[in-house]
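Going line by line, the protein sequences match chains A and B.
In terms of the working numbering, the first sequence opens at residue 1 and continues consecutively.
In terms of the working numbering, the second sequence opens at residue 1 and continues consecutively.
Simulated from the structure, these hints should not be mistaken for laboratory data.
Glycine included, C-beta positions come from ideal geometry on N, C-alpha and C.
Honestly, I wouldn't trust all of these hints.
Unchecked claim - Where chain B lies over chain A, by a calculated footprint (3+ residues, C-beta under 8 Å): (1) 92-98; (2) 111-122; (3) 169-180.
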Amino acid sequence: MAVQEATAATDVQRANVGDYIIILENVRKRFGEFEALRGITLRVKRQEVVVIIGPSGSGKSTLVRCINHLEKHDAGRIVVDGIELTHDIRNIEAIRREVGMVFQQFNLFPHMTVLDNVTLAPRLVRKWPRDKAEKIAMELLDRVGIADQAHKYPGQLSGGQQQRVAIARVLAMQPKIMLFDEPTSALDPEMIKEVLDVMRELARSGMTMLVVTHEMGFAREVADRIVFMDAGLIVEEGTPEHFFTTPQHERTKLFLSQILHH
Amino acid sequence: MTAKAEVPPKRKVTPLVLEWMKDNLLTPWYNAVITVVLTVVIFVVLRAILRWALYEATWDVVLVNLRLFAVGPYPEEAFWRIWMSLGVVSLLAGLSWGVWGGRNLTPSAIVGVLGAVLLVLPVSSNVKWPMVGILALFILAHLASMGRTGFRRPLVWGWVLSFFVILFLLKGLGGSTLLTSVPTSKWGGLLLTVLLAIVAIVASFPLGVLLALGRRSELPVVKLFSILYIESVRGVPLVTVLWASAIILPLFFPKGVRVDNLIRAMVGMTLFSAAYLAENVRGGLQGVPRGQYEAAYALGLNYYQAMRYIILPQALRAVIPAIVGQFIGLFKDTTLVAIVGLLDLLGIALSVIAQPEFIGLQREVFVFIAAIYWIFTYAMSYSSRRLEARLGVGTR
Numbered sequence: 001m002a003v004q005e006a007t008a009a010t011d012v013q014r015a016n017v018g019d020y021i022i023i024l025e026n027v028r029k030r031f032g033e034f035e036a037l038r039g040i041t042l043r044v045k046r047q048e049v050v051v052i053i054g055p056s057g058s059g060k061s062t063l064v065r066c067i068n069h070l071e072k073h074d075a076g077r078i079v080v081d082g083i084e085l086t087h088d089i090r091n092i093e094a095i096r097r098e099v100g101m102v103f104q105q106f107n108l109f110p111h112m113t114v115l116d117n118v119t120l121a122p123r124l125v126r127k128w129p130r131d132k133a134e135k136i137a138m139e140l141l142d143r144v145g146i147a148d149q150a151h152k153y154p155g156q157l158s159g160g161q162q163q164r165v166a167i168a169r170v171l172a173m174q175p176k177i178m179l180f181d182e183p184t185s186a187l188d189p190e191m192i193k194e195v196l197d198v199m200r201e202l203a204r205s206g207m208t209m210l211v212v213t214h215e216m217g218f219a220r221e222v223a224d225r226i227v228f229m230d231a232g233l234i235v236e237e238g239t240p241e242h243f244f245t246t247p248q249h250e251r252t253k254l255f256l257s258q259i260l261h262h
Numbered sequence: 001m002t003a004k005a006e007v008p009p010k011r012k013v014t015p016l017v018l019e020w021m022k023d024n025l026l027t028p029w030y031n032a033v034i035t036v037v038l039t040v041v042i043f044v045v046l047r048a049i050l051r052w053a054l055y056e057a058t059w060d061v062v063l064v065n066l067r068l069f070a071v072g073p074y075p076e077e078a079f080w081r082i083w084m085s086l087g088v089v090s091l092l093a094g095l096s097w098g099v100w101g102g103r104n105l106t107p108s109a110i111v112g113v114l115g116a117v118l119l120v121l122p123v124s125s126n127v128k129w130p131m132v133g134i135l136a137l138f139i140l141a142h143l144a145s146m147g148r149t150g151f152r153r154p155l156v157w158g159w160v161l162s163f164f165v166i167l168f169l170l171k172g173l174g175g176s177t178l179l180t181s182v183p184t185s186k187w188g189g190l191l192l193t194v195l196l197a198i199v200a201i202v203a204s205f206p207l208g209v210l211l212a213l214g215r216r217s218e219l220p221v222v223k224l225f226s227i228l229y230i231e232s233v234r235g236v237p238l239v240t241v242l243w244a245s246a247i248i249l250p251l252f253f254p255k256g257v258r259v260d261n262l263i264r265a266m267v268g269m270t271l272f273s274a275a276y277l278a279e280n281v282r283g284g285l286q287g288v289p290r291g292q293y294e295a296a297y298a299l300g301l302n303y304y305q306a307m308r309y310i311i312l313p314q315a316l317r318a319v320i321p322a323i324v325g326q327f328i329g330l331f332k333d334t335t336l337v338a339i340v341g342l343l344d345l346l347g348i349a350l351s352v353i354a355q356p357e358f359i360g361l362q363r364e365v366f367v368f369i370a371a372i373y374w375i376f377t378y379a380m381s382y383s384s385r386r387l388e389a390r391l392g393v394g395t396r
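Can you build the whole structure from these sequences, using the hints too?
Quick look at the structure:
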């Protein structure tokens, strides 16, 4: 125990977890009376793309928000890239450096230009010099197709452009894992494709991704695995092939019939 | 005939003005009534004021005591120290305008015109030449630094440093012959008012921000302390705080320890202002959406970085009008230190009208100091509007 504490003081501990970059074991979370997560167990491999679907209120968002500790889990274990997620701020910050998150509402910093939005975290957290941060930021903005907007403010961009900036901002931190919390739900229909295209390209490049979405086409095409959640539990998981053709559970069938044939 | 018709009809200025008046002042009929009534009221009031100011008022009381109004009983042989302090401020102001204001010659031109007017006016030469020098310093600094944006950071430190340099210059050192010590009881007038206001504003700002953050902290002790502090200070009038710092506080000091009266007033005003500022800033913090905190933390920023770069810039920008309003109030509240025996601008005014040769001239004196307060507060409000426009409050 004493030895463990000594190592924890110098660096965060890394457990030996083999191929799995995210491990959730029996994770529980409640908001007052409401149990949002009722014992979630999930393992994600490196470079895997996992899409989480389910009706609203099923705990999908809460699940991804627990992984970078935007929500505290009440019970169970979360290990990200070998780092156990405790309530120790060092572990939390270490995990957040490796895990990027894209939000439904983009959450760009409105008082900064697009370029400053992208370079801020690398400069502050990674301690990169400005010119290095800006060079890489411009490459990323080019990759998501908005290099020409670098000196505008977020408020001057369309929703789709803002979300692509948000993705570039996360990529600038060179994360090992990216979490997407309904990244296209706040977008006008004609802008959804431009964001999904960027996400497709990311998945092809080998990024580990955990995506909460209602875009079934995207899930079918890009996901390695689909996880269906309902009422705080994982009901069923499997390949897209399995999921869309031969779902096992009644709840899954009902959900799919509702969203595919509306 | 045809050639004549091609010439566009000349629009006369007068009909345009009349048209504007008709549209904006005279229609419908009740606007016409309001216009007439207000014109009469304005005319009567203005005439009475001008008649009093130009023919009846005895402005001697102001002119004779000008030095008293400016610096109070500050000893004349140390005046050069005040001039030098003003010089430092003027230099820094010129540099700031050059560095932040872009390539714009207007500030220098305005200051140049002021200097020229000053040269022509019949002002005694021991005031005229230092003033001209100070204005010249501004122009030189402005022209030399125009557009050099690289100097911004050192300049900020320059301002911080100047604050201490000026206090040291004005106070001097006990035992020194060049910088003889001037006790703060000899500081007065506008000098004292401005110093009090600047110290209270500059010191209460960081304190207020910390208290606001403390009140929203997740650490129970910090939170409790902030709430207790803010609510107890806000529950007490400023006069009480000043009385307490002037009279009650010394009772708790060990024997022989005497804290300067002025410093006690400065501390009192700072602590008082900080509590109100904290509530203003808290309002701004509450206006920043939760997503901004989450995005900052999710990117790996720690608490300090998230506050410094993401949350506070947005929170403070939203409450600039409230904060400046509070500082304007604070500037005027400095008059309360007259109660604890300090001779600020109002204190000096009270002592001037008590002089037997100026009996019955309160009106002139109060109009004069009211004008001075107005100039300073208007300058603050104007700068705040400029700052808001520059930061694009409400537009992005």
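Verdict on chain B covering the region 169-180 of chain A, criterion of 3 CB contacts below 8 Å: holds (count 3)
Within 8 Å of chain B (C-beta), three or more residues of the region 111-122 of chain A: It holds, with 3 qualifying residues against the three required.
Residues of the region 92-98 of chain A with Cβ under 8 Å from chain B, three needed, outcome: Three-residue rule met by the region 92-98 of chain A, so holds; n is 3.
Comparing the model with each earlier hint shows no violations; every hint is respected.
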